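Per my numbering: the first sequence = residues 1415 to 1633.
Don't read these hints as lab results, they were simulated from the structure. Worth double-checking, as some hints may not be accurate.
Only pairs whose alpha carbons sit at most 35 Å apart, straight line, appear in this in silico DSBU-like list of lysine-lysine [what the hints assert, rightly or not]:
1) 1466 to 1565
2) 1543 to 1563
3) 1563 to 1460
Simulated DEER-style distance windows between Cβ atoms [claimed, not checked]:
4) 1499 to 1444: 22 to 28 Å
5) 1603 to 1626: 31 to 37 Å
6) 1499 to 1430: 28 to 34 Å
7) 1452 to 1505: 32 to 38 Å
Quick caveat: nothing in here was measured; it's all calculated off a predicted structure. Think of the CB as a built atom: it goes at the ideal place given N, C-alpha and C, for glycine as much as any other residue.
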Amino acid sequence: MPELPEVETYRRYFNETALGQTITDVQVEDQRQLTTDYDTLLKELKGTQLIKTDRIGKHFLITLSTGKILVLHFGMTGDLAYYRNEEDTPRFARIVFLFTNGFRLAFIDSRKFGRVGLAESVEAYQQEKSLGPDALDISLTQLQTSLQKRKAPIKALLLDQKIIAGIGNWIADEVLYQARIFPAKPAHLLAPSEIAHLHQAILHVMDTAIAHEANYGAF
DNA sequence: CCTTCCACCTGAGAGC
DNA sequence: TGCTCTCAGGTGGAAG
């Protein structure tokens, strides 16, 4: 379920908690959730500091003191929790990062669709995954260009992370509703004014959702 | 290349 | 109460 606004909220939460910490250990329940094998992951992470964060669409990227990137993707049920005592470990904590200050960060994910692994750089990861522009950054021209020759239903293309990164099922529905566009309409039949409305709706829905998450998450 | 379809995974909620 | 069934839904790869 996490879409761009939730991932952005997780990023802000991370920045206020785990950012700056140094990793001492990593506990992994199910190695199928790793995109980098466990031995390599542990070797690369142990002793490294978490320096800064980025987000492309729903992908959360943490730059390490080694220059490499730790990538978290939350799938549909992913979440983060920062806490101190082992007995406070959340129910569905699948991967737990331990820090030198005694605190822990859990990657929670009941349905195990989330993935964690390493990348060489933010740019390399974006290229490797063919991720399109982030939904908060995409320009009207970029949106027009990537839609004008496509015959697939507009909703399917909004969900395509190669075209625009960060839109999931409910936001696609909401955006199309606000722009008053029929979800099954082939993209190349959209009038320029419709694409403009779509672009505005994307930004509006994202901004509103992030603001709401920020308030909601504060308490 | 483009589009469509399905597997992946397991908890939540519904029905009985 | 407790079992079974269905649904959720982002991603990646296969198939056409």
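Here is what the structure says about each hint:
{"no.": "1", "hint": "1466 to 1565", "in the structure": "violated, 40 Å"}
{"no.": "2", "hint": "1543 to 1563", "in the structure": "holds, 22 Å"}
{"no.": "3", "hint": "1563 to 1460", "in the structure": "violated, 47 Å"}
{"no.": "4", "hint": "1499 to 1444: 22 to 28 Å", "in the structure": "holds, 23 Å"}
{"no.": "5", "hint": "1603 to 1626: 31 to 37 Å", "in the structure": "holds, 33 Å"}
{"no.": "6", "hint": "1499 to 1430: 28 to 34 Å", "in the structure": "violated, 19 Å"}
{"no.": "7", "hint": "1452 to 1505: 32 to 38 Å", "in the structure": "violated, 22 Å"}
Going through the hint list in order, the structure does not satisfy hints 1, 3, 6 and 7.
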